[in-house]
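**Q** Protein sequences appear in the order of chains P and Y. Sequential numbering of the first sequence, starting at 1, is according to my numbering. Sequential numbering of the second sequence, starting at 1001, is according to my numbering.
Watch out, some of these pointers could steer you wrong.
If you anchor each label on the Cβ, the simulated ranges turn out as follows [stated by the list, open to error]:
| hint | chain 1 | residue 1 | chain 2 | residue 2 | range |
| --- | --- | --- | --- | --- | --- |
| 1 | Y | E1068 | P | E334 | 52 to 58 Å |
| 2 | Y | A1148 | P | G419 | 40 to 46 Å |
| 3 | Y | T1183 | P | D44 | 53 to 59 Å |
| 4 | Y | E1068 | P | L460 | 50 to 56 Å |
Pairs of lysine-lysine residues, derived as BS3-like cross-links and limited to a Cα-Cα distance of at most 27 Å, are as follows [said to hold, decoys possible]:
| hint | chain 1 | residue 1 | chain 2 | residue 2 |
| --- | --- | --- | --- | --- |
| 5 | P | K423 | Y | K1114 |
| 6 | Y | K1049 | P | K502 |
| 7 | Y | K1130 | P | K436 |
| 8 | P | K448 | P | K462 |
In case anyone wonders, no lab produced these hints; they're calculated from the structure. Glycine residues also receive a C-beta, built at the ideal position from the N, C-alpha and C atoms.
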Amino acid sequence: MADNGYFKELNVVAAGPITHSPSTDTPIIGIDLGTSNSLVAIVDEDASSGIRVPRIIKSREGSNIVPSVVHFLADGSSEVGLSARRQRVRDAEHTVYSVKRLLGRGAADIEELRKNLPFNLEASSATNVRLQVGGKSYTPIEISAMILRELKTAAEDDLGRPVEDAVITVPAYFNDSQRQATRAAGRLAGLNVLRILNEPTAASLAYGLQRKRNGLIAVYDLGGGTFDVSILRLKDGIFEVLATNGDTQLGGDDIDQSIARWLESSVRSTHPHVDYSERDAKAMLLDIAEGLKIGLSTAETATAKVGSTPVTLTRDQLEELTRPLLERTRKPVESALKDAGLNLKDLTDVVIVGGPTRLTAVREFVRKLFEREPNFSMHPDEVVAYGAAIQADILAGNNREFLLLDVVPLSLGIETFGGTMSKLVPRNTTVPTMAKEQFTTYVDGQTKVAINVFQGERELVKDNRMLSEFVLTGIPPLPAGVARVEVTFLVDADGILNVAAKEIYSGVEAAIEVKPTYGLTDSEVERMLEDGMRNAEADRKAAKIVEARNDARTTLLATEKSLAQVRAALSADESQKIDALVTTLRNKMEGEDVDAIRIANQQLNLGTVHLAEVLMNQTLEKNVKNTPVNDLLKK
Amino acid sequence: MTNDSAFSVFGLSPKFELDQSALESRYYELSKQLHPDRHSAGDAAARMKSQQLSALLNRAYLGLRTPEARLETLLEEAGALKETGKPVPPSQIPTDLAEEYFEIQEAVMEDDAKAVALVARFRATLELKKQQLTDEMFEMAKHVQWEAPNSGETSGKIEKILELRRQRSYVRSMLTNLDNLATVGATHG
């Protein structure tokens, strides 16, 4: 800890465990968990130069990117990545994509989500969205965990050792619930999530590593499903985020959607009977739309066939289709600059990030918006993963040169009288950050106080997003207004809220019960992890039975063979006893009780010690005449 | 001065004027020591402590980094912002501004052709007034002995700052009202 007189004396309230420490000596990977594509990267030492450089780890299918698509097969297994992506049209019913849009979202969002995603979505409760796929239902956290597990495996294959620790990126504008959901997905995938890192900040790390110069950077990050803008000051290795803004429901996906709608209207006259709202047709149109979009990043026109009807899309048409979407990025950019207290001309660099920024229409828009040529020298799909790997390297203690100072994207507050929002942590406050607030009781002897926490910028809590309901319990019964509960809200370096409470009058630490409004509670994740372990337990048990039966079979075979040779030399009593033991073992082998099989096996082994001796004696007598076997053994 | 003072976190005595770039350097230096990223290998307690200390450092920096924030911090730490339950109105309402506001309100409601220009001119007047009040507050704040906020002369100056602050908040709410008025006018037209 710092040698600073002030900090030594501080005594702060404990708020429970919040971050994880890396496991010793295992590599820490950086993961970009994207809406359309995911990547995994690592920083390792370049063998020839000794310089630590980030690199993308290839997927098990041999590519840098892993499409964030999960396909469920008939036997209940699933595949992730390119192979799954190919099933998007062929087996649309069992293929899930863009699930990041569902992370941390609840019943209130479902109508909006249904409009764009052709999945069977249901709100299992007010607090969770579930996807129906092939008769089963999954949470977005579970689907995300499947993608993460695939990336983890790819990294383990590449590195040749187990991977436990990871940094996972999220859109800067993700709220608390979405961050928690991402962290839960990581845990479910068997990863120790060391840090939830903001995507534009990650990109700036990679950019800063390349450029190494001080300045004011704007990162315009248009991903598959989300848009972020962050303004950073880069000074002597410190990456200080000054402001961030964005739209978590705007991305390249939406460009595909609008091309698909255009396709639908242009072929309607030739295919009047096709219902394009139907899932398979929708998936097909989306696929064609994406192909056209990619085609236009290198050519002036792109053509495709919808059924037998040829369609042509030009760059100008695409620009027209995307403009309304891109216009939605204008306000966030202006707000971020305003919050950072800067003008356009103050910026030294504009960096554009994300697959959709390959489109000329997007680049052109950004150029006009920032009144300068943006920097897109880096691979727009990979830069976030590189940044995640660099942050992982920082956390591993290998990089003491860089430090990120990030911010909380949305204001955090509590509901006060009349349903108004009392802000405790304003947006763009550097994290970690802390706020303290006192609460009291309204009734004599009251032992519980409920606190509702919201995130958002509006004046009334009903217009903001409810994060959680905290119930402070264990408050000593006192006359109304006497108890004073001091609640400490700590937003950690992941941008996630932690809460601790203390009753001042008595000094009693009040217990806190947290009910997240969206996503999963810690105990739900715990339970899912346990289920996973229980399955592993079942697998281990099955293996043990196979092993025990094999052992038993070996014993039985040897016994039968021996009996055939020396039964005549045994007493009738002994012969009978051995037969009984053999029968018992055979019976136990039919059952599932591993221990019973083992015991019966052991008893037969013991019961045949004399038999083995007799057999050995007989064998020896044949070879070594006149030498008693017991004497021979004693020597 | 309490232990929680934003100034003491940086080893400074409470003062309105300070060296901005020295403050920033010190903040970066302390961040490098305290930030959780630098303690990820520690045990749970060390990591928790790093989150908390880092949080305190960030709060303190937030309270000092701009003159505006600094003045609020100084007033807060001097105990001048204790809530009295009721908002205190400014003792001198700038009457000229109030009169002009009512005239404009009338013009907008009556769809006067000149309304748009009047609103724009009045907004400029208000912005100027706001700036003047801010400058005056800052100037005053430079001459306050913040270490001893309760001494007679000092508390008089603080009271003066608070009065300017109330006037400015009055001007601010007038600006908000003017925005609302402009919206009403727009929907009328």
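**Q** Taking 53 to 59 Å as the stated bounds, is the beta-carbon spacing between T1183 (chain Y) and D44 (chain P) within them?
**A** 58 Å, holds
**Q** Please verify whether K1130 (chain Y) and K436 (chain P) have alpha carbons no more than 27 Å apart.
**A** 31 Å, violated
**Q** Determine whether the Cβ-Cβ distance between A1148 (chain Y) and G419 (chain P) falls within the hinted range of 40 to 46 Å.
**A** 42 Å, holds
**Q** Measuring from beta carbon to beta carbon, are E1068 (chain Y) and L460 (chain P) in 50 to 56 Å?
**A** 26 Å, violated
**Q** Holds or violated: K1049 (chain Y) with K502 (chain P), Cα cutoff 27 Å?
**A** Holds, because 18 Å separates the two Cα atoms, which is no more than 27 Å.
**Q** Quick one, are K448 (chain P) and K462 (chain P) close enough, alpha carbons at most 27 Å?
**A** The given pair, whose Cα atoms are some 23 Å apart, holds under the 27 Å limit.
**Q** Does K1114 (chain Y) lie within 27 Å of K423 (chain P) when you go C-alpha to C-alpha?
**A** At roughly 40 Å apart (the allowed maximum being 27 Å), K1114 (chain Y) and K423 (chain P) break the hint.
**Q** Does the Cβ distance between E1068 (chain Y) and E334 (chain P) fall inside 52 to 58 Å?
**A** 21 Å, violated
Of the hints listed earlier, those the structure fails to meet are numbers 1, 4, 5, 7, in rising order.
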